[in-house]
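A.B. asks: Protein chains in written order, with numbering that gives the first Met the number 0: chain A, 0 to 289; chain B, 0 to 444.
Hint data in this document are derived by calculation from the structure and do not stem from the laboratory.
In this text, a Cβ means the ideal position worked out from N, Cα and C, and glycines have one as well.
There may be inaccurate statements among the hints.
[As the list claims (entries may be wrong)] The calculated label-pair distances, taken between Cβ atoms and stated as ranges, are: (1) Ser4(A) x Gly224(B): 35 to 43 Å; (2) Leu77(A) x Thr127(B): 44 to 52 Å; (3) Arg402(B) x Trp258(A): 52 to 60 Å; (4) Pro213(B) x Trp258(A): 20 to 28 Å.
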Amino acid sequence: MDLISQGVVSGVLVGGLYALMSLGLSLSWGALKIINLAHFSFILLSAYFVYQLTLSYQIDPLVTMVLVVPLFFGIGALMQVFFHMVKVDEFKSLIITFGIFIILQSLIRTIWSADFRRIGSELNPYATESIHIGAVAFPVSQLVAFAAAVLIAVGMSLLLSRTYFGKAVRAVAQDREMARAFGVDPRRVAVILSGLTTCFSALAGLFVAVGQTIFPGLAVSWFGIVFSVVILGGLGNTVGTLTAGVIVGVASNTAAVTWGPLSAPLVTFLILIAALLFRPEGLLTRRSVA
Amino acid sequence: MRTHRRRRYLVVTMVIALIAAACGGDDTTDTTNTTAPADTETTMPSDTETTEPDDTEEPTGEPIRIGGTLALTGFLAATGAIHQAVGEVFVERLNEQGGLLGRPVEWVLLDDESAPDQSAAAYERLITEDEVDLVIGPYGTGNITSAMAVAERYGYVFPHHTASLTYAYNYACHFSSWSTGLHPNITNPNLIYDALESTGTPPATIGFVVNEFPGTMFIAYGQDGTDEGGAVSLAEDRGWEVVLDLTFPTATSDWAPVAAQIRDADPDFLYIAGLGVNASNIITAMQAIDYSPAGMFSQWPAPGPLLQTEGADGIMSVTIFEEHPPFTDNPDAVEVSGLINDALAEADIPYTKVETQAAASWTAWEYLTQAAEGAGSLDQAAMCDWLLENGADTLFQGHIEFRPDEQNYFEDLSKLKQIQDRDWWVVYPEEFAAPDRSLIYSPDE
Numbered sequence: 000m001d002l003i004s005q006g007v008v009s010g011v012l013v014g015g016l017y018a019l020m021s022l023g024l025s026l027s028w029g030a031l032k033i034i035n036l037a038h039f040s041f042i043l044l045s046a047y048f049v050y051q052l053t054l055s056y057q058i059d060p061l062v063t064m065v066l067v068v069p070l071f072f073g074i075g076a077l078m079q080v081f082f083h084m085v086k087v088d089e090f091k092s093l094i095i096t097f098g099i100f101i102i103l104q105s106l107i108r109t110i111w112s113a114d115f116r117r118i119g120s121e122l123n124p125y126a127t128e129s130i131h132i133g134a135v136a137f138p139v140s141q142l143v144a145f146a147a148a149v150l151i152a153v154g155m156s157l158l159l160s161r162t163y164f165g166k167a168v169r170a171v172a173q174d175r176e177m178a179r180a181f182g183v184d185p186r187r188v189a190v191i192l193s194g195l196t197t198c199f200s201a202l203a204g205l206f207v208a209v210g211q212t213i214f215p216g217l218a219v220s221w222f223g224i225v226f227s228v229v230i231l232g233g234l235g236n237t238v239g240t241l242t243a244g245v246i247v248g249v250a251s252n253t254a255a256v257t258w259g260p261l262s263a264p265l266v267t268f269l270i271l272i273a274a275l276l277f278r279p280e281g282l283l284t285r286r287s288v289a
Numbered sequence: 000m001r002t003h004r005r006r007r008y009l010v011v012t013m014v015i016a017l018i019a020a021a022c023g024g025d026d027t028t029d030t031t032n033t034t035a036p037a038d039t040e041t042t043m044p045s046d047t048e049t050t051e052p053d054d055t056e057e058p059t060g061e062p063i064r065i066g067g068t069l070a071l072t073g074f075l076a077a078t079g080a081i082h083q084a085v086g087e088v089f090v091e092r093l094n095e096q097g098g099l100l101g102r103p104v105e106w107v108l109l110d111d112e113s114a115p116d117q118s119a120a121a122y123e124r125l126i127t128e129d130e131v132d133l134v135i136g137p138y139g140t141g142n143i144t145s146a147m148a149v150a151e152r153y154g155y156v157f158p159h160h161t162a163s164l165t166y167a168y169n170y171a172c173h174f175s176s177w178s179t180g181l182h183p184n185i186t187n188p189n190l191i192y193d194a195l196e197s198t199g200t201p202p203a204t205i206g207f208v209v210n211e212f213p214g215t216m217f218i219a220y221g222q223d224g225t226d227e228g229g230a231v232s233l234a235e236d237r238g239w240e241v242v243l244d245l246t247f248p249t250a251t252s253d254w255a256p257v258a259a260q261i262r263d264a265d266p267d268f269l270y271i272a273g274l275g276v277n278a279s280n281i282i283t284a285m286q287a288i289d290y291s292p293a294g295m296f297s298q299w300p301a302p303g304p305l306l307q308t309e310g311a312d313g314i315m316s317v318t319i320f321e322e323h324p325p326f327t328d329n330p331d332a333v334e335v336s337g338l339i340n341d342a343l344a345e346a347d348i349p350y351t352k353v354e355t356q357a358a359a360s361w362t363a364w365e366y367l368t369q370a371a372e373g374a375g376s377l378d379q380a381a382m383c384d385w386l387l388e389n390g391a392d393t394l395f396q397g398h399i400e401f402r403p404d405e406q407n408y409f410e411d412l413s414k415l416k417q418i419q420d421r422d423w424w425v426v427y428p429e430e431f432a433a434p435d436r437s438l439i440y441s442p443d444e
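This is chain A alone, in the form it adopts within the complex (with noise of 0.2 Å):
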C-alpha cells in the first residue's frame, strides 16, 4: 500500500514538472500556430544555464531564476520576431524549429561537451531533501515545481479568460485578420506570448536542473511525455495541460510501481493513442483557446 500510495504521490508531483514543460509547447501551438521543436532545447539550455550560475557564482540554483527567466523572455519574444519575418505557418514552424532544437543541442555541446553535469550537493539541497507524511515522502524540488505549474496553469488561465491581453491572445488565435480589425495587433500579442512560453521552458529547466543529471541527449527523452501532455490537455488549455500531466505522471509512475518501470512509457503512449483517437481537441475543451 505504501509501495502504491508513493507512486500516485510521486506521479503527482512528477505530472507538475511534465506540465511545466509542456504549457510553453501547448500555448504557443494553441495560440500562436507555431509547434515549437526548440521548446525542448530551451529547456535543456536553461537547464545549463541554472548549472552554470550556480556553479560560477556558488548562488542557491533557486536564485538564478532572476536572470535566466527574463533572458529567456528575450530570447522568445526574439524568436517569434523572426517567424514574423520569414512568414511562419503551422508546418513550416515544425521544420524551421526542428532546426533551432538542432543548432542549440549542438551548441549546449560545444560550450558544456557531451559529459554529464549535475549541481553539487552543498549547493542543491532541493535535490534530496523532502518533507514526509506517514510513509510517504514528498520531495522538496518536485514539491516546489508542482506549485510553480499550478501557479503557472492558474494564472495563465485567469490572464487569458479575464485580461484584455488574454482577449487578444485568444482572438488572434481564433482570427487574425478580425482581431486586427478590431485593433490588436497580433503581432505584438504574438512576441509577448512566446517570450512568455519561452519563460515556462526557463522554469521548467530550472528544475531539470536542480532535480537531475543533465547532458545534451536528455531533451530527446522528453518528447513523448510533453507531446502526450499537451494533446491530452488540449492546446493553449493551460488548466487542461496541468491536469493532463498529473494524469500521466500518476498513469506512468502506479504502472511502474506495479508492472515495473519498463511498462511506464508505454502506458504514456497508450494514452497519447487515446486522447488521438478520443479526444484529440483536449480533456478540457471548452476553454481551449485553439
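Starting from the structure of chain A, add chain B where the hints point.
C.D. replies: For chain B alone, coordinates are given in the frame of chain A:
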C-alpha cells in the same frame, strides 16, 4: 472535427519522423556537428604538455594512417570524448618518440554519431576508400560489435576497448583492452560478492535494478539462452535472498517509481546493473524519499557525477586502474596519467582522473603499435600472429597474454573500488587496495 484530428495525427507523425531522423532510434540528439568523413582527420593539440622526448630520431617518410571512429556526437559522446583525448595524447607522444616503424603516425578519426550502422559504414570507408594502414576500435558495445565485422571481413587487426558482450566476439584478430575476461557475468559479480563476504557480514538480502541495455542485462542475467552465471543467479547460489529484480528502460527519466520499489524491498545490498548516470539518478530519487540501502554497487557509472551525488558515499564499482598506489607505483603510469589529466581538462571533461575508460583506451593503442613494431611491418596477419604469440606489455594493466581458446580474452583484472571521503579508492582485493583503505560495508548500519 475530422480535419482537426487528421492534422494532429499528421503533426505527431511528423514529430516522430523528425526525431527518428535525428536520433537513428537512440536517445541521441546531435547530428549537425557531423562533419564529412574526409574532413575529420584530427590535428594533434599543440599545447598539450609533454615530457622531453628521448634522443629518438624524428619520424620520416609517409605517415602511417590509423583509422577509427568514436562517438563524438550522440548519446555516447561523453565517454567518446575521453577516448578522443587519450588517443590524441598517445599519437602525439608516439610521434615525439620516433613514430611507428620510424614513420610518423596520423590518426584519421571519424564521428560515428554513437550509431552502430554509422560505425560500420565508416570503417568500410576507412579501409576501402581512405586505405588506412591500421584500424583501432570505436567506443561503445554496439559500435565495436558492428565495426569488428568490417575489420574481420578485410582481415584487419582490431584492438578495441570497453565492449561488454564478450561472448559475441570470436574474430581471431580482435583484441579487447578491457580486462574483464570472457565471462564478466560470472567473474565481476563474484568479485563483488567475495568482497562482501570478506567483511564477515555479507548481506542476507539483495536487490537488483537492471538497465535493459544488452551489456548490463548480460552481467545481471548471463548470456541469453544459457544458464551460465549472471549476478542474480550467483547471488542466489550464495544463499542470499533476491528481494527485488527490476529492469528499467535505457531512456528512463523519472526515477521515483524505481526508488519507491527499492525502498519497499529494502535490500541489505543494492546491485545497480546500470551505466552512465543511472546510479546517480537512482540515489537522488532514493534520497528524495529518505531511503538509503546499507550497501550499493554500480556496474559502469560515470565516475564524476557519482562522486558529486549526495548519498553516494560507500557505493562500489569495478575498475581496472585508479590513480593511487599500487597502480601508480610505475612512474611511467604517473607521467602518462598527468598528460591524460591535462588533455581531459582541456577537453572540458569534469572528471579528469584516469580510470577504466582512459586506461583501456591507452591499452588498445599500445596493442596496435606493439603489434606493428613486433611484426616489423604493417602486415595484418603478421601483427595478429605477433600479438597472439607475445601478448602486450601495457602501462596500466601490466603484461597481457591473449588466450585464443577464450576468444583472445584473458583473466578478469577488475578490482572493486568504493567512494570514501568523496573520492574513489580501490578497496578489494587487498593487494590492490589504496593505502589505509579497505571495503566498508555492514548490512546492520
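A.B. asks: Hint by hint, say whether it matches the structure.
C.D. replies: Comparing the hints with the structure gives:
In this structure the supplied range 35 to 43 Å holds for Ser4(A) paired with Gly224(B), their Cβ-Cβ distance being about 40 Å. Range check, Leu77(A) to Thr127(B): Cβ separation about 48 Å, and the 44 to 52 Å hint holds. For the pair Arg402(B) and Trp258(A), the supplied restraint of 52 to 60 Å is violated, since their beta-carbon distance comes to about 43 Å. At roughly 22 Å, the beta-carbon separation of Pro213(B) and Trp258(A) lies within the given 20 to 28 Å, and the hint holds.
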